[in-house]
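This is what each chain is made of:
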Amino acid sequence: MLKTEELQINIGPQHPSTHGVFRMIVTVDGETITDLKPVFGYLHRNHEQIAEQNTYLQNMPYTDRLDYFNSMANNQAYAMAIEKMVGIEVPERAEYLRVMMVELTRILNHAGALGFLINDMGMWQTQLAFGMREREKILDLFESASGARLMCNYFRFGGVVRDLPPDFIPRLKELLQAMPAFVDELERLLRENEILMQRAEGIGILPRDLALAYSVSGPVLRGSGIPYDVRKAEPYSVYDRFDFDVPVGTVGDVYDRFLVRIEEMRQSRRILEQVLEQLPDAQGGHINPKARQNVRPPVGDVYARIESPKGELGFYLVSDGSGKPYRYKVRAPSFINLTPLGDMCRGYKVADVVVILGSIDIVMGEVDR
Amino acid sequence: MTITIQRGEVVEVARGSQRRRAVPGMGLLDSLGVVWKHWRESFRQNRDFSDIHGTFTEQYPDERPNLPEAYRNMPILLFDDETGHEFCTSCFQCQRICPPQVIHMTQAKDTTTGKAVPSVAEFIIEYDACMSCGFCAEVCPFDAIKMDHHFELSTSDHASLTVHKQELNRPVSYYQSIAPTLWEEAKAGAYKKLQGNIKRRPDVIGIAPHLVDRIAARRAELAAAAAAAPPPPPTAPAAPPAAAPPAEARKLTPEEKAAKLAAIKAANTAKQSGATPAETPPAAAELSPAEAKAAKLAAIRAANTAKQAGTVPAAEVPPAPVDEKAAKLAAIRAANAAKQAGTAPAAEVPPAEPAPVDEKAAKLAAIRAANAAKKAAAEDNETERN
Ligand code: SF4
Ligand code: SF4
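First to last, the protein sequences are chains A and B. Residue numbers for the first sequence follow numbering that gives the first Met the number 0, so the first one is 0 and each next one is one higher. Residue numbers for the second sequence follow numbering that gives the first Met the number 0, so the first one is 0 and each next one is one higher.
There's no promise every hint is true.
Stated by the list, open to error - Restricting the straight-line Cα-Cα distance to at most 30 Å, the calculated cross-link-like pairs of lysine-lysine (BS3-like) are:
#	chain 1	residue 1	chain 2	residue 2
1	B	K164	A	K289
2	B	K192	A	K289
3	B	K186	A	K289
4	B	K164	B	K186
5	B	K198	B	K164
6	B	K114	B	K186
7	A	K83	A	K36
8	B	K108	B	K191
9	B	K36	A	K172
Stated by the list, open to error - Some chain A residues close to chain B (C-beta under 10 Å, calculated; not the full set):
#	residue
10	V38
11	Y41
12	R44
13	N45
14	E47
15	I49
16	Q57
17	Y61
18	R64
19	G146
20	N152
21	L174
22	E193
23	I194
To be verified - Derived DEER-like restraints, expressed as beta-carbon distance ranges:
#	chain 1	residue 1	chain 2	residue 2	range
24	A	M131	B	A128	49 to 59 Å
25	B	Q44	A	V298	27 to 37 Å
26	A	S214	B	L27	37 to 47 Å
27	B	P60	A	D34	31 to 41 Å
28	A	R240	B	A120	30 to 40 Å
29	A	A212	B	G53	41 to 51 Å
30	A	T31	B	H149	53 to 63 Å
31	A	V317	B	L31	49 to 59 Å
32	A	A281	B	A128	54 to 64 Å
33	B	Q100	A	R295	12 to 22 Å
34	A	A212	B	E166	56 to 66 Å
35	B	T3	A	R240	12 to 22 Å
36	A	A212	B	T3	20 to 30 Å
Calculated directly from the structure, the hints in this document are not laboratory data. Being a predicted model, the structure only gives us computed values, none of them experimental. For each residue, glycine too, the CB sits at the ideal point set by N, CA and C.
Let the sequences and hints guide you as you build the complete structure.
Written as structure tokens, this is what we have:
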């Protein structure tokens, strides 16, 4: 074989396919990647340090800005951490509202993530536009409930800030009616599309043991065939009351991650239907009236985690008994899922890098914090 | 390896089927079908949530976005349409909770005593750093700060994004127009607290700055009119029928109610004492001829003002900040002015004094009316002398 000289090139930090400002130092031998080193930190905003200067409640809107696609999920993880620390009861109805919001978030995240993945493959914005169309409806719902489309800031300690407006449930029902058609269409468009299969099958394989070793989570881990879902493994909120399946892949390539996300949207819809069924009977208001927002947790630490659309999102908080966290740490799924990028890319072509990166589904706001 | 989980199962996702792959291009044709369908439907406006085709686009700026009530953009401060009183008491709650710390304020001070007054002297929000979290509106115990729906804030003038009280002030009617149900919930409590705070605000403190002059002028006018105005019965019906319905439709604030009550009581006392209220003010009988003349003059003037207030509301009332509301507002104000012209002697009673002591209060009101008339007369004399 002809041996060519290895070359080191930069992909990013300013690159349309890096989902933000993210730099990869790639060593290539011809077109083949021999090494890849991810470089983080271009979007560092001092999130954790700022959080240690703020009171506990003041951090709630800051968590929106972590993974700006899924502000509701971030809110839930943070609220859960405080509730665990202080011992705040959450009324049943509030729990249902929370689950509803987070499952809607999961649908919109996956609709967007798949769109971006296809975009990265060169299908331009076609699928992205279809996905964004559905996402728009969900954002409209978020806006009517919380007042904002992306930075929802909807959760409070002990519940959510206000109950649903009267037109929310009818619109949600309409949306759920449209969901199967949307997911089926997405599958028809892409699942057996020869171009997508060429670009995705057998690309960016993350074997099971490596996935475990890197402690990745979310659809990336499930794509590698490990049925780990925090909603099942450690049911929080009211997730133990719903029937839903955990989709897993078999190979662990880009294609599997893609399929897992499609299936998860279906499962989220299933959960939402059950929420709608059970919500009218749920007791308690949208917030625990006795819950103080101005909390002063006892000295100690706490870790609370949820299954965010991107993986296991956890908040680790240490309290020194004052009104501000002594230490505030985010276990960001995007960040941890991104670490095996080098191993996933080694041996593939340069053009595959953006596809593999797209299949991990990252948001730099969460990676760099 | 099988894994059992509660309420659900682990499903392996099916990769592309072999059968289909045997015929190359099938998947692509399928995809093209989907794209074709979307393309064909893209000429149709469709905002039906249960459909996934058609364009969802809002033709902004030709078409204004339909914002939900809860929508929050930037905070604004509210003041009452009629009295101009700001709801904010400078309790510093919002300043304390604001996560990026962009709210700054100074408390108002009584100019004579130097004591703090439940009102705000200056209120600044740095819009450029506000994260639109809505906490300020949430914590405010007085419903003084609310989230606006106005979002077209882009400007090339950075300094203008440090917004002062003057530009933050909005009348309640504006907030009501953007969030009717939210205001409906907050209204009663907000006004109740505001009444309490007005009592502790001397002079024009707490009145929206751009209204101070107008309100002060109006107060002086009312006082003058009230001084010699005949008791309520003749003036109250003077309000034209067109203006009356809104006045009635509007709920009376506690203060107004108290004023009305006192006026009625005063009138009753006057009636009991034998005087015919429609013709002469009860106290006027004791006045010297010159004073009586002046009082009469003042009465005529007051009647004119009342008439004017009823008939030419637009000319009389300062233009309200929200244009569309102006007409309606003016009508309400005119009606109030007419009413107040009759009841003002009682309204002059410092609200701190206990109104419920009926007889005493009524007597007091009567005496006050007389005194005011006397004073007005004296002033008139002075002007005549000049
Ligand atoms: S706006 Fe409300 S919270 Fe802020 S100082 Fe005024 S009254 Fe207090
Ligand atoms: S909306 Fe939030 S950031 Fe803006 S002024 Fe109010 S509290 Fe501060």
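_Restraint outcome when A:V38 is required to lie within 10 Å of chain B by C-beta distance_ = Since the shortest Cβ distance to chain B is 29 Å, the answer is violated.
*asked:* Is the interface hint satisfied for A:E47? The criterion is a beta-carbon contact with chain B at less than 10 Å.
replied: 15 Å, violated
*Compare the distance between the alpha carbons of B:K164 and B:K186 with 30 Å, and conclude whether the hinted pair is satisfied.*
Holds: B:K164 and B:K186 sit about 22 Å apart, inside 30 Å.
_Given pair status - B:K164, B:K198, alpha carbons within 30 Å_ = Since the Cα atoms of B:K198 and B:K164 sit roughly 22 Å apart, the hinted pair holds (cutoff 30 Å).
*Is it true that the CA of B:K192 sits at most 30 Å from the CA of A:K289?*
23 Å, holds
*Holds or violated: is the Cβ of A:Y61 closer than 10 Å to a Cβ in chain B?*
Hint holds; A:Y61 Cβ to chain B Cβ min 7 Å, cut 10 Å.
*Could you say whether the range 12 to 22 Å given as a hint is met by the Cβ separation of B:T3 and A:R240?*
The hinted range 12 to 22 Å holds for B:T3 and A:R240, with Cβ atoms some 18 Å apart.
*Keeping to a limit of 30 Å between CA atoms, is the pair of B:K186 and A:K289 held or broken?*
Distance ~24 Å between B:K186 and A:K289 Cα, so the pair holds.
*Check the following: the C-beta atoms of A:R240 and B:A120 are separated by a distance inside 30 to 40 Å.*
54 Å, violated
*Outcome of range test on Cβ distance (A:A281, B:A128; 54 to 64 Å)*: About 39 Å separates the Cβ atoms of A:A281 and B:A128, which means 54 to 64 Å is violated.
*Holds or violated: A:E193 as interface residue toward chain B, Cβ cutoff 10 Å?*
Where the cut-off is 10 Å and the nearest Cβ of chain B is about 5 Å from A:E193, the hint holds.
*For the hint on A:N152, does the least C-beta distance to chain B fall short of 10 Å?*
A:N152 check passes; min Cβ-Cβ to chain B is 5 Å, inside 10 Å.
In this structure, the earlier hints numbered 1, 7, 10, 11, 12, 13, 14, 24, 25, 27, 28 and 32 are contradicted, and the remaining ones agree with it.
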